[in-house]
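There are 2 protein chains.
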Amino acid sequence: MSAYSEAIEICKLAKGAREKLCGIAASKKDEALLLMADAILKSQDYILKENKKDIDEAKSKRLSKALIDRLALDRSRILSMSEGLRKIAALDSPAGEIFEMRQRPNGLRVGKIRVPIGVILIIYESRPNVTSDCIGLCLKSSNVLILRGGSEAFNSNIAIFKTLKGVLEKMGFPCGTLNMIMTKNREVIGSLLSMNDYIDLCIPRGGESLIKEVIEKSKIPVIKHYKGVCHTYVDKHASLDMALKICYNAKVQRPGVCNAMETLLVHKEIARKFLPQMADLYKKADVELRGCNKTRAILKAVKVATEEDWYTEYLDLILSIRVVDSLEEAIAHISKYGSSHSDAIVTNDYESAMEFLSKVDSACVYVNASTRFTDGEQFGMGAEIGISTEKLHARGPMGLKELTTYKYIIFGEGQIRV
Amino acid sequence: MSAYSEAIEICKLAKGAREKLCGIAASKKDEALLLMADAILKSQDYILKENKKDIDEAKSKRLSKALIDRLALDRSRILSMSEGLRKIAALDSPAGEIFEMRQRPNGLRVGKIRVPIGVILIIYESRPNVTSDCIGLCLKSSNVLILRGGSEAFNSNIAIFKTLKGVLEKMGFPCGTLNMIMTKNREVIGSLLSMNDYIDLCIPRGGESLIKEVIEKSKIPVIKHYKGVCHTYVDKHASLDMALKICYNAKVQRPGVCNAMETLLVHKEIARKFLPQMADLYKKADVELRGCNKTRAILKAVKVATEEDWYTEYLDLILSIRVVDSLEEAIAHISKYGSSHSDAIVTNDYESAMEFLSKVDSACVYVNASTRFTDGEQFGMGAEIGISTEKLHARGPMGLKELTTYKYIIFGEGQIRV
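Residue numbers (our numbering), protein chains in the order written: chain V, 1 to 418; chain D, 419 to 836.
Hints listed in this document are in silico derivations from the structure and should not be mistaken for laboratory results. Incorrect hints may have been included.
With the Cβ distance kept under 7 Å, some of the chain V side facing chain D (calculated, not the full set) [claimed, not checked]:
(1) Ala72
(2) Asp200
(3) Met242
(4) Ala363
(5) Ala369
(6) Phe373
(7) Phe379
(8) Lys391
(9) Leu392
(10) Thr405
(11) Gln415
(12) Ile416
Dumping the calculated DSSO-like pairs for lysine-lysine here, alpha-carbon to alpha-carbon at most 30 Å [stated by the list, open to error]:
(13) Lys602/D with Lys217/V
(14) Lys219/V with Lys645/D
(15) Lys162/V with Lys53/V
Ideal placement from N, C-alpha and C gives every residue a C-beta, glycine not left out.
Using the sequences plus the hints, can you model the full thing?
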């Protein structure tokens with residue numbers, strides 16, 4: 001089958017299921033989620049067998065250890081996929097909420113009702129648990145889902161998909177509710193991304209090159225984040241102890257994720273006191289430091305940070321440090337080099353805190369806390385489908401609510417316009 | 419200057435003004451709006467003189483009378499532009515609202531703050547008053563604006579722009595706050611639409627071909643509506659009097675606008691009683707009717723509606739009519755031929771009303787009212803910058819709030835992630 005025919009066939013199935021899926025009771029969707037959680041445990045031998053095929057191929061292709069680790073499933077990872085589905089079942093359903101209802105002088109009642117977005121395409125790489133997370137979140141929010149996983153997890157993704165889709169089939173859900181592109185042909189991506197008459201939203205999850213490809217080709221609205229170059233600015237009015245704790249946590253607790261700090265900005269008036277203590281802590285955790293000249297005047301052993309460093313998401317135990325003359329300089333640095341993801345100030349000064357909050361144009365702006373909190377669960381939203389650094393529709397962690405939109409509903413008693 | 423250089427120069431100016439504009443007090447923006455309202459009255463001779471150049475050129479090019487009418491300004495149209503600016507000044511400023519603030523178990527306070535979108539590009543055709551409306555709405559919502567008007571209103575748009583920009587200059591606003599592409603070179607549009615690093619949102623306003631061109635070329639998120647093929651469905655449980663009033667209003671009161679009805683759907687059980695009375699009313703208003711075969715069995719003189727008719731936005735005193743067997747058939751017709759703009763049901767049956775509201779996937783869904791109400795002012799939002807049939811960010815009328823987005827703000831006392 002050509003890439004185009006495969007894409008259009010799935011799109012038609014998906015669009016056909018949209019309206020029917022909305023009509024199914026929320027309780028039946030929750031029941032399906034719980035049965036899926038059971039099914040994934042019952043099918044673990046099958047899923048592990050398929051996963052082994054992917055691992056073997058990855059090893060034969062000499063893929064990196066880190067990548068193979070992200071790819072590999074075991075009984076405990078399958079258990080957390082199952083528990084993830086149970087958690088989603090327990091959340092409130094977002095669709096159907098009526099809000100901003102107001103009565104107009106002519107008696108018309110005008111308001112909004114929360115509705116699913118419609119058909120969502122998710123293009124993702126590596127970790128196979130993304131498959132079950134996305135299936136759970138889209139079913140809960142009544143969105144039809146089209147999945148296109150990475151070729152490195154080809155067999156694992158299909159095994160998880162078939163297991164969960166089996167539950168929906170047995171329960172009589174419309175057959176287009178859940179779809180997966182089961183070919184390694186990359187042309188299908190281009191075809192799918194041109195089908196804006198069928199697909200309402202595309203969420204790419206993966207490396208920068210995948211996301212750039214999607215942006216380049218898509219006629220469908222895309223919500224994404226490229227990367228997280230997160231900053232912590234230690235103000236001259238910071239509590240030293242708090243700054244040490246926060247900056248250590250933001251860099252060291254889990255360096256390989258998008259909300260970890262990549263650049264530390266320090267006010268010159270506190271730098272001499274703060275940086276040596278901070279560097280001691282980082283040294284014990286094996287963090288490599290790269291700094292501007294002012295930093296290197298204080299921390300002699302530190303390598304020089306190049307212009308490229310300031311733009312870099314290390315995802316590793318590496319940190320760039322710049323000493324700044326003022327809050328304004330810190331904000332200007334973030335505006336130039338940042339990725340609009342998560343940035344924090346540590347300060348006890350009210351005015352500095354408020355200025356930072358107001359002027360830093362990132363999805364999540366923190367006062368006196370670690371950027372590592374940027375996460376749907378940490379924010380109290382339950383599960384998340386990703387993080388957005390877009391300006392429109394959703395910014396920051398995206399949970400169930402962000403998988404919905406609204407329409408206006410208007411109740412009249414025969415009103416006409418005069 | 420090349421199209422690219424012109425576009426990038428304006429984009430850099432615009433982006434540079436973004437942060438500064440946010441820092442200016444709302445009261446100063448309101449003051450500017452009121453001074454603009456004065457300035458436009460004071461400059462009316464200049465604006466009318468420039469407008470006459472456009473009218474003369476339009477006449478020499480033998481453009482349609484309707485187009486020339488939309489293009490033409492007079493003292494009363496200039497007065498309403500001025501009053502529009504005053505009205506915008508009187509509305510509440512949307513930016514700065516803090517909402518959904520919650521405290522997490524670890525004490526973190528997580529919430530959202532409403533912020534301007536950033537830099538907005540508006541590409542529009544014909545009516546010169548769009549220039550002042552957009553300037554007013556973007557200034558009020560603290561968005562930097564780049565305008566690209568149609569060549570037919572070239573001189574009028576520049577005159578209005580210069581008049582209003584003069585006020586901002588005198589008041590010391592950052593010079594990139596308000597920008598207009600002052601060339602007829604169409605290549606500039608393509609260049610602008612590729613500048614997603616500078617421009618956050620594009621709103622095209624005009625005919626379908628303009629909008630298709632923008633969608634085709636844009637790397638920037640676009641909010642738009644192509645057209646309004648609006649339906650009214652008269653249910654078998656409708657009050658006959660109400661249905662006559664609503665269907666007359668939706669078609670006749672102002673046929674040339676996007677929220678006017680283009681297709682009337684009538685349940686077969688009420689058609690014999692309703693259609694002849696309705697047709698009498700339409701006849702008096704010179705409405706041309708085109709119908710399905712079942713309609714023509716009742717209204718003998720009616721022309722046949724072709725497949726193309728059902729897709730057509732007439733914007734004129736023409737109406738297509740279909741008799742349907744059921745509510746489901748009406749909903750299926752709207753789903754196939756509609757434009758997701760505004761659709762209404764007339765019924766006294768609770769279940770039918772609720773089913774229609776739930777299954778029709780349009781920006782505005784009405785029970786027992788005319789679709790002509792789809793309008794920011796009618797909905798109680800003050801002025802509007804356009805209507806969206808997109809699924810994301812904003813659906814239906816877009817007012818000041820829809821020109822904003824949010825960011826997360828997080829207040830801590832040293833919290834770190836464990």
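Verification of the hints:
{"no.": "1", "hint": "Ala72", "in the structure": "violated (25 Å)"}
{"no.": "2", "hint": "Asp200", "in the structure": "holds (5 Å)"}
{"no.": "3", "hint": "Met242", "in the structure": "holds (4 Å)"}
{"no.": "4", "hint": "Ala363", "in the structure": "holds (6 Å)"}
{"no.": "5", "hint": "Ala369", "in the structure": "holds (3 Å)"}
{"no.": "6", "hint": "Phe373", "in the structure": "holds (6 Å)"}
{"no.": "7", "hint": "Phe379", "in the structure": "holds (5 Å)"}
{"no.": "8", "hint": "Lys391", "in the structure": "holds (5 Å)"}
{"no.": "9", "hint": "Leu392", "in the structure": "holds (4 Å)"}
{"no.": "10", "hint": "Thr405", "in the structure": "holds (5 Å)"}
{"no.": "11", "hint": "Gln415", "in the structure": "holds (4 Å)"}
{"no.": "12", "hint": "Ile416", "in the structure": "holds (4 Å)"}
{"no.": "13", "hint": "Lys602/D with Lys217/V", "in the structure": "holds (29 Å)"}
{"no.": "14", "hint": "Lys219/V with Lys645/D", "in the structure": "holds (19 Å)"}
{"no.": "15", "hint": "Lys162/V with Lys53/V", "in the structure": "holds (16 Å)"}
In summary, the one numbered hint that this structure violates is 1.
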